[in-house]
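Participant: From just these sequences and the hints, can you work out the full model?
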Amino acid sequence: MVETIDQYLIDVTQGVFNTMLNQKVDPLPTGVDHGVPTVMELPGVNGMIGFGGKMTGTLFFSVPEPVANRMASLILGDLCEIGPREMCDVVGEVTNMLAGGCKSRLCDQGLSVVMTIPNIIRGKALRLTGRDLSFMVRRRFHAAGLDGDVDVILMGKVE
Amino acid sequence: MHFLSDFTQKAVAEVFSTMMSLKVEAVSTDESISPSRSGITGVVSNVGFAGKMSGGLYMNYNDKLACDVVERLLGARPANADEGDVADVLGEITNMVTGTMKKHASAVGYSGWLSTPLIMRGEQITLEPKDATIHSFNLFRIPDLGEELGVWVFAKLG
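Protein chains in written order, with the numbering used here: chain A, 1 to 159; chain B, 1 to 158.
Please note that a few of the clues may not be correct.
[Claimed, not checked] Cβ-Cβ distance ranges computed for the label pairs, FRET-style:
id, chain 1, residue 1, chain 2, residue 2, range
1, B, Gly146, A, Ser134, 37 to 43 Å
2, A, Gly145, B, Met1, 45 to 51 Å
3, A, Glu41, B, Ala76, 27 to 33 Å
4, A, Leu74, B, Gly146, 47 to 53 Å
5, A, Leu111, B, Lys64, 37 to 43 Å
6, B, Thr41, A, Val2, 31 to 37 Å
7, A, Thr19, B, Arg77, 47 to 53 Å
[Unchecked claim] In the DSSO-like style, the derived pairs of lysine-lysine whose C-alpha atoms are separated by at most 30 Å in a straight line are:
id, chain 1, residue 1, chain 2, residue 2
8, B, Lys10, B, Lys52
9, A, Lys157, B, Lys103
10, A, Lys157, B, Lys10
11, A, Lys157, B, Lys52
12, B, Lys156, A, Lys124
13, A, Lys124, B, Lys64
14, A, Lys54, B, Lys10
15, B, Lys156, B, Lys52
16, A, Lys54, B, Lys103
17, B, Lys64, B, Lys10
18, B, Lys64, B, Lys23
19, B, Lys156, A, Lys54
For the record, the hints were derived by calculation from the structure and aren't laboratory data.
Computed from a prediction, not measured in an experiment: that's the story for all the values here.
All C-beta atoms in this analysis are idealised placements derived from N, C-alpha and C, irrespective of residue type, glycine included.
Facilitator: In structure tokens:
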């Protein structure tokens with residue numbers, strides 16, 4: 001199961017970054033974690049979407065703030081000045097697309113799910129733990145064109 | 001008051017009474033739409049919900065209240081709010097409150113599913129819901145503990 005989800009995260013993340021940002025992202029060979037964490041640190045800007053249904057859990061898209069700013073500049077270009085609101089809007093939209101891609105693949109495998117609305121969470125020394133989890137997959141990607149790494153995390157349980 | 005605020009207040013009162021024999025008093029409700037809620041400290045527990053109503057419920061405890069609640073439920077006080085028991089208890093309480101709120105919402109046509117509980121800690125935590133048309137902040141006082149509890153619900157209907 002975790003290997004399948006790991007591949008979903010890779011496929012979906014590469015697809016979303018290619019489509020939305022025209023950027024190539026590469027999964028880092030050492031940047032994968034399949035264990036259920038005791039505590040997970042979430043630095044930077046974090047998009048979060050919950051799942052309910054045959055699988056319940058949460059998807060996170062965790063981005064350092066400078067990378068999030070570059071993403072916003074790429075998408076919004078000269079349309080407007082890039083501030084915290086625009087940065088969070090872009091992270092929220094990318095999180096939505098990542099979750100939608102995962103949802104589609106899960107549904108194809110018979111695990112029908114529905115998604116919550118996105119939420120952006122930020123804070124100093126922000127750390128998080130989950131309860132009632134049976135799996136967690138955390139994948140780190142290097143985005144050369146954005147000069148940084150991003151994490152995509154899916155944690156949950158199958159009902 | 002939006003029905004979601006009403007259902008949230010009922011749910012918090014019901015769960016705290018049933019599980020911990022604690023009376024909670026609703027102090028205030030704020031339904032103004034704000035891009036973000038910031039400056040949050042302490043422990044924030046969350047359960048999301050999706051379906052005919054989609055969003056998330058967040059409960060904010062200061063460290064003392066978090067430990068008080070665990071002591072009340074388990075009979076032993078944790079050394080600090082970072083201990084594993086605190087996350088277990090607060091996650092379960094949030095699960096029950098959100099489930100109870102959702103039960104009331106389902107009765108009026110807004111059915112859905114819950115996600116799994118999350119517990120966050122940090123400083124100057126900011127919550128920024130996207131696409132939420134309903135914002136509800138409910139402040140409660142717990143007289144027996146001399147503490148206040150904040151509960152946010154962000155949601156979209158349909």
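Participant: So, for every hint listed, does it hold in this structure?
Facilitator: Status of the hints after comparison with the structure:
no.	hint	result
1	Gly146/B <-> Ser134/A: 37 to 43 Å	holds (39 Å)
2	Gly145/A <-> Met1/B: 45 to 51 Å	holds (49 Å)
3	Glu41/A <-> Ala76/B: 27 to 33 Å	holds (28 Å)
4	Leu74/A <-> Gly146/B: 47 to 53 Å	holds (51 Å)
5	Leu111/A <-> Lys64/B: 37 to 43 Å	holds (41 Å)
6	Thr41/B <-> Val2/A: 31 to 37 Å	holds (34 Å)
7	Thr19/A <-> Arg77/B: 47 to 53 Å	holds (52 Å)
8	Lys10/B <-> Lys52/B	holds (20 Å)
9	Lys157/A <-> Lys103/B	holds (22 Å)
10	Lys157/A <-> Lys10/B	holds (29 Å)
11	Lys157/A <-> Lys52/B	holds (22 Å)
12	Lys156/B <-> Lys124/A	holds (28 Å)
13	Lys124/A <-> Lys64/B	holds (20 Å)
14	Lys54/A <-> Lys10/B	holds (28 Å)
15	Lys156/B <-> Lys52/B	holds (9 Å)
16	Lys54/A <-> Lys103/B	holds (19 Å)
17	Lys64/B <-> Lys10/B	holds (24 Å)
18	Lys64/B <-> Lys23/B	holds (17 Å)
19	Lys156/B <-> Lys54/A	holds (22 Å)
When held up to the earlier numbered hints, the structure conflicts with none and fits them all.
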